[in-house]
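Residue numbers (our numbering), protein chains in the order written: chain A, 803 to 1189; chain B, 803 to 1189.
Treat each hint with caution, since some may be false.
It does not matter which identical chain is used: a pair holds within one copy or between any two.
[Claimed, not checked] Here are the simulated SDA-like pairs of lysine to any residue, each with C-alpha atoms no more than 25 Å apart in a straight line:
# : residue 1 : residue 2
1 : 1031      : 804
2 : 1039      : 939
3 : 815       : 834
4 : 1039      : 803
5 : 815       : 984
6 : 815       : 991
7 : 1039      : 905
Hints listed in this document are in silico derivations from the structure and should not be mistaken for laboratory results.
Protein chains: 2
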Amino acid sequence: MRSVSIIGIGCSKFGEQWDDSLRDLVMDAGVPAMEDANVSGEDIDALYVGNMSGGRFIEQEHIGALIADCAGLARLHIPSTRVEAACASGGLALRQAVMAVASGYSDIVIAAGVEKMTDVSGGSAADALASAADREWECFLGATFPALYAMTARLHMHRYGTTQEQLAQVAVKNHHNGNMNPLSQYHMEVTVDKVINSPMVADPLHVLDCSPITDGAAAVILAPSDTAKRYTDTPVKILASAQASDTLALHDRRDITTLDATVYAARSAFRQAGIETKEIDLAEVHDAFTIGEILALEDLGFMEKGEGGKAAEEGLTQIGGQTPINSSGGLKACGHPVGATGIKQAYEVVLQLRGEAGKRQVEGAEIGLTHNVGGVGGTALVHIMSR
Amino acid sequence: MRSVSIIGIGCSKFGEQWDDSLRDLVMDAGVPAMEDANVSGEDIDALYVGNMSGGRFIEQEHIGALIADCAGLARLHIPSTRVEAACASGGLALRQAVMAVASGYSDIVIAAGVEKMTDVSGGSAADALASAADREWECFLGATFPALYAMTARLHMHRYGTTQEQLAQVAVKNHHNGNMNPLSQYHMEVTVDKVINSPMVADPLHVLDCSPITDGAAAVILAPSDTAKRYTDTPVKILASAQASDTLALHDRRDITTLDATVYAARSAFRQAGIETKEIDLAEVHDAFTIGEILALEDLGFMEKGEGGKAAEEGLTQIGGQTPINSSGGLKACGHPVGATGIKQAYEVVLQLRGEAGKRQVEGAEIGLTHNVGGVGGTALVHIMSR
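Based on the sequences and whatever the hints tell you, model everything.
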């Protein structure tokens, strides 16, 4: 397989973008990415798009062709493929794009992710999101995503002594980071008190433990590493790209305080990269809920099982700490346009590895990791990148 | 790239399967495919699933993980990827699976397609299907799929003298073929009179010019050609796998009587296979509407532009004719569970190349082609296979 590098990145503003359609969002990410990579439409061989639920959010499927079309690439008739793995759709698009370049099928490939979640036609965004869980065995019985993650949190608290304050600390850190990110949805600091006194959504998760409903898009452009320098002085090499699955419904898992899909994907990724967890300088992980970040810390191997809460409390995961986690603000504060999140994670890591992350720069970052989860771990994607 | 072969196939009954959920349908296709290939779960490296709109039809996204789960493969944590390109989702899953094996990423891969279209939760199946078209520029103005294809038919009739009787002849042939297929939705012969006297849906397309709403699933199993004989005595080699895109909305095309995505995908496929159109012994093409088969005959190069209607009238496309088209009954009579169709086309061609198609066997078939279209040609996939 050929080595693959990211040669360009773009990201739209994240938030409630009432004046922007899905097309607008894609352009806000795709055009800067192409400019950043110094490529034009004629250079592009293929397009992979992560989108969770255009069908339910905006009554639009066939998202691959739509995006090729509005990017002006349909006239070149290039293959455009939409992939979906719920909230991991973006990471999945990145992996398919990496495979296309690594294998030699394509040279220059765009991996994009997008979700338009406001202006939902019929039903609620929460109901649309619930389609990532097992509709027949979970949702029909009343479970939504906060409820499912709340169960993992309750057992984690029971078994490991994790506290609501520790969960809240994840939100405090990520809002602090997000406040330094010009593209993030929220620019506000929160305190532990504010989080645990915010309205309860699903015990023990308060509204400030949950990621928001967000419109947004992100794009990265890939090329074979041996030609990457033709396009940019600062290519970022992809050392590993891994994917794993698990049962969709939580009740079928061996242990709901571990996302085995993350464990398996991480194991494969570290083997591909030939490095150990401690060599990672920063990571963007899937904090759809604060408990999600704690599970990720443990399942990715940054902390021992049960130690994730303490790590948050002790500040090991803040910028300047042992391993900065979610310098972008994460899903929590930067926002979580579900199909875009996996690509935005790559955007943030590339920015950090290039040393272009401004106030939130992780000093001396050389190797970064992204971790994107679909549902409550039915799918997980892990990518490792180095400058 | 490695040569790739199909070593096992399976297909559920197509039709209104009121007692079968999406999971049941997948099992009805996947289990026979694995038995046919003599593989067990432990042999499978990856899964690709084509599904157009689980979100709109059954309120379920995250279809990749769901299917890995109900197939018992989630416990093995293998990567499972859902791809979507509207009615071409099945063909797209096949191409992604071919790429995974050809590149050496995986050895044994399942490509499946499924759609559960009856029991729609809220809205109609026709509205869900319309999400394959350009929602903002076509559907909001009242266009549905029959209306869009009707426009291509009207211009084809005006420009080339194609008649309603010629369109009807496509339905007559495909119902005749479908009547010989035990898995097809309809087992009834129709006549030209019956078609043109059936209720008008969108002038000039009558209800018997349209494919139906169908539940169904299909699966094929791929392996590197050099190990295929370990699993089966009758592997079918994939000579070409091609994909192209076009503008989503019809009004942006240079010519609506030609689907350029088909033209480009076919050109790429024939180049890959190193053969000419006349060497194809049979083809399964995308007859979502009768005009669709006529466009396909021309755009794939079986007939000159404008001659597709005459070819149908003269019987060139029936079993025993110049090039048998849609021996399965096509989308028209076998049924069109949108995400499954592209895989069912491969199922039929493999059956024919093995000489196992029973009453509808095309004698001496050695090379077959499948042609799967998303929307009105926003995406097209062409595969060529040989025994």
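Now the hints, each set against the structure:
In the homo-oligomer, the alpha carbons of residue 1031 and residue 804 lie at most 25 Å apart inside one protomer (15 Å), although the nearest pairing across protomers, at 29 Å, exceeds that limit. Taking the shortest alpha-carbon separations for residue 1039 and residue 939, neither the intra-copy value of 41 Å nor the inter-copy value of 40 Å comes in at or below 25 Å. When the C-alpha separation of residue 815 and residue 834 is checked against a cutoff of 25 Å, the pair qualifies only within one copy, where the shortest distance is 12 Å, while the shortest distance between copies is 48 Å. In this assembly of identical chains, residue 1039 and residue 803 lie within 25 Å of each other by CA distance both inside one copy and across copies; the values are 14 Å within and 23 Å between.
Taking identical chains as interchangeable, the C-alpha atoms of residue 815 and residue 984 lie at most 25 Å apart only when both belong to the same chain, with a minimum of 8 Å there against 54 Å between chains. Proximity of residue 815 to residue 991 under the C-alpha cut-off of 25 Å is restricted to the intra-copy arrangement: shortest distance 19 Å within a copy versus 57 Å between copies. Taking the shortest Cα distances, residue 1039 and residue 905 sit within 25 Å of each other both inside one copy (15 Å) and across copies (20 Å).
Against the hints set out earlier in the document, a violation occurs for number 2 only.
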